[in-house]
Amino acid sequence: MPSFTMRSTVRTDKLATVAGYVAGFALLFVIWHLAAAYLVKSILFPGPWPVFERALVLIEDNILQEQIVASMRRIMQGFLLGSAIGIPIGLAIGSFRIVRWLLEPWTEFFRFIPAVAMITVAVIWFGIGEESKIFLIAYTTVFVVVISTAAGVGAVGRDKIRAAQCLGASRLQVFALVALPATVPYILTGMRLAMANAFVTIVAAELIASNDGLGKLLWDARLFMQIEDIFVALVALGLLGFLTDRVFRVLIRAFAGRFNATV
Amino acid sequence: MALVSLEGVGKTYHGRTGAWEAVRDFSLDLADGEFFCLLGTSGCGKTTVLNMVAGFEQPTAGRILLDGVPVERPGADRGVVFQGHDSLYDWLTALDNIGFGLRLRGLGRRDRRAKAEHYLNMVGLTGQGAKHPSELSGGMKQRIQIARALANDPRMLLMDEPFGALDAMTRAVLQGELSRIWAETRKTVLFITHDIEEAVALGTRVGVMKRGPGGTLKAVIPVDLPFPRERTSDAFMATFREVHALIHDEIHGAH
Numbered sequence: 000m001p002s003f004t005m006r007s008t009v010r011t012d013k014l015a016t017v018a019g020y021v022a023g024f025a026l027l028f029v030i031w032h033l034a035a036a037y038l039v040k041s042i043l044f045p046g047p048w049p050v051f052e053r054a055l056v057l058i059e060d061n062i063l064q065e066q067i068v069a070s071m072r073r074i075m076q077g078f079l080l081g082s083a084i085g086i087p088i089g090l091a092i093g094s095f096r097i098v099r100w101l102l103e104p105w106t107e108f109f110r111f112i113p114a115v116a117m118i119t120v121a122v123i124w125f126g127i128g129e130e131s132k133i134f135l136i137a138y139t140t141v142f143v144v145v146i147s148t149a150a151g152v153g154a155v156g157r158d159k160i161r162a163a164q165c166l167g168a169s170r171l172q173v174f175a176l177v178a179l180p181a182t183v184p185y186i187l188t189g190m191r192l193a194m195a196n197a198f199v200t201i202v203a204a205e206l207i208a209s210n211d212g213l214g215k216l217l218w219d220a221r222l223f224m225q226i227e228d229i230f231v232a233l234v235a236l237g238l239l240g241f242l243t244d245r246v247f248r249v250l251i252r253a254f255a256g257r258f259n260a261t262v
Numbered sequence: 000m001a002l003v004s005l006e007g008v009g010k011t012y013h014g015r016t017g018a019w020e021a022v023r024d025f026s027l028d029l030a031d032g033e034f035f036c037l038l039g040t041s042g043c044g045k046t047t048v049l050n051m052v053a054g055f056e057q058p059t060a061g062r063i064l065l066d067g068v069p070v071e072r073p074g075a076d077r078g079v080v081f082q083g084h085d086s087l088y089d090w091l092t093a094l095d096n097i098g099f100g101l102r103l104r105g106l107g108r109r110d111r112r113a114k115a116e117h118y119l120n121m122v123g124l125t126g127q128g129a130k131h132p133s134e135l136s137g138g139m140k141q142r143i144q145i146a147r148a149l150a151n152d153p154r155m156l157l158m159d160e161p162f163g164a165l166d167a168m169t170r171a172v173l174q175g176e177l178s179r180i181w182a183e184t185r186k187t188v189l190f191i192t193h194d195i196e197e198a199v200a201l202g203t204r205v206g207v208m209k210r211g212p213g214g215t216l217k218a219v220i221p222v223d224l225p226f227p228r229e230r231t232s233d234a235f236m237a238t239f240r241e242v243h244a245l246i247h248d249e250i251h252g253a254h
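Here the protein sequences come in this chain order: A and B.
Using numbering that gives the first Met the number 0, the first residue of the first sequence is number 0, and each one after it goes up by one.
Using numbering that gives the first Met the number 0, the first residue of the second sequence is number 0, and each one after it goes up by one.
It is possible that some hints are incorrect.
Said to hold, decoys possible - Examples of chain A residues toward chain B, derived with CB under 8 Å:
{"#": "1", "residue": "S41"}
{"#": "2", "residue": "A154"}
{"#": "3", "residue": "G156"}
{"#": "4", "residue": "D158"}
{"#": "5", "residue": "A162"}
{"#": "6", "residue": "C165"}
{"#": "7", "residue": "L166"}
{"#": "8", "residue": "A168"}
{"#": "9", "residue": "R170"}
{"#": "10", "residue": "P180"}
{"#": "11", "residue": "N210"}
{"#": "12", "residue": "R252"}
{"#": "13", "residue": "F254"}
Treat the hints as calculated values from the structure; they're not laboratory data.
Since the model is a prediction, treat every value here as computed from it, not as a measurement.
For every residue, glycine included, the Cβ atom is placed at its ideal position computed from N, Cα and C.
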């Protein structure tokens, strides 16, 4: 009985959430339309309809997909590389005081040098090809992931560790079976924040030095005054970011153990 | 020979505000199979005593022996049930929480499951094994903690006010269940509480602590009442009054 009511409320909640999102997006487009049609009334600010039509053309010509794939591939590669570097460093900082003393100055120093400021040096080192983009995304990812991972290790409840110790856990078991899984939600939260940084960085990098990608689409559209193209790129970025963030939220919840397999 | 011996145990903390003597000259022998309730007001050092027996903290004076061997670190021979339920693993199901100690020992999935099921049933949670801690009530979480400690088959159980955060009804139910489980398993129990009725209802002996700082054992009262204990009986009331009189001085002025 209780599990039944719980399950049906969860389902209602989900429906309400989806309905809320649809309504929210619809409202955004309505306001956009009203602003374009009645307030601004300028060819420099197209309404949602011409932008949508332009998007269909770009999709038909396979242009939009190519730019999206180019940008997302860079984001994913750099993001995964940055996370793969950041997670072990964060775990080490959180676990060992000596590592914290040694590495914390680094993270506290570099995280205030934004990736955008590193574009010039990245292009000089790696050229305008894929390497410079991946470097920049990895750079922008790594420090956020390090900091949240280290914070996660520090936040593992004392009783969780003690309970494992008095069940006979070795140090390695405490780390692998308690500290690590307890830290996963923090790691994912850090990665989620880093993903937002990655979007900022990839557009900036592609604006300045690239042959393709959404940033390049934006730049070319500006050069040729194709205002609809600019809006297509902006909406695409927003939607891609939104979807990626959803995926992270689902993962975080799943790992936090708030849902069981039957829900 | 006693299972556990505390010999003149003391614990002094050194902090920024100076030294704080939490426990002073605490001596006690626990016999195999007894249920010892350590009763005291808040801040008397009773949890510190438990933490030292568990091996989480080291005494600064005296020594603690388990089977004649000094306790130096936490170990699988002493199962601990914590006051809060933060000690459960949120990412594991109830059943996997119970089987955690068995997993540490490398027991196979099937054996682990069977044993965990046995203890899940023992604590009265049959059919709830697939749930995560976040889906269980406070009382159920404490049952899981007890099952987790028991599944590991320790020499003794250390319980730190395990029912302190529960409502009165749930607490009474769980006290009854714990008594039944103890009668079934005959594990040695060191049970920390500040609740006189709880101590008299559960313990074969009740130790009353002096209030802190420098908390120490004031008196030990044997409770020779049959289980299950009838809380409204005259004999129960008499023991309650005896313990109450002892702790009365400690309560007043303890704030």
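Going down the list of hints, with the structure as the test:
For S41(A), the interface hint is violated, since its Cβ never comes within 8 Å of a Cβ in chain B; the closest pair sits about 53 Å apart. Because the closest C-beta pair between A154(A) and chain B is about 11 Å apart, greater than 8 Å, the hint is violated. A cut of 8 Å between beta carbons decides the hint on G156(A): the least distance to chain B is about 4 Å, and the hint holds. The closest approach between the C-beta of D158(A) and any C-beta of chain B is roughly 4 Å, which is under the 8 Å cut-off, so the hint is satisfied.
Taking 8 Å as the C-beta cut-off, the interface hint given for A162(A) holds, the closest approach to chain B being about 4 Å. The restraint placing C165(A) at the interface with chain B holds, with a minimum CB-CB distance near 4 Å, inside the 8 Å limit. Because the closest C-beta pair between L166(A) and chain B is about 4 Å apart, less than 8 Å, the hint holds. At a threshold of 8 Å, the smallest CB-CB gap from A168(A) to chain B is about 5 Å, leaving the interface hint in force.
Among the interface hints, the one on R170(A) is violated; its C-beta lies about 11 Å from the nearest C-beta in chain B, farther than the 8 Å criterion. For P180(A), the shortest C-beta to C-beta distance to chain B is roughly 5 Å, which falls under 8 Å, so the interface hint holds. Look at N210(A): its Cβ only gets to about 44 Å from chain B, farther than 8 Å, so that hint breaks. The interface hint given for R252(A) is broken, as the beta carbon of that residue sits about 11 Å from the closest beta carbon of chain B, more than 8 Å.
A cut of 8 Å between beta carbons decides the hint on F254(A): the least distance to chain B is about 6 Å, and the hint holds.
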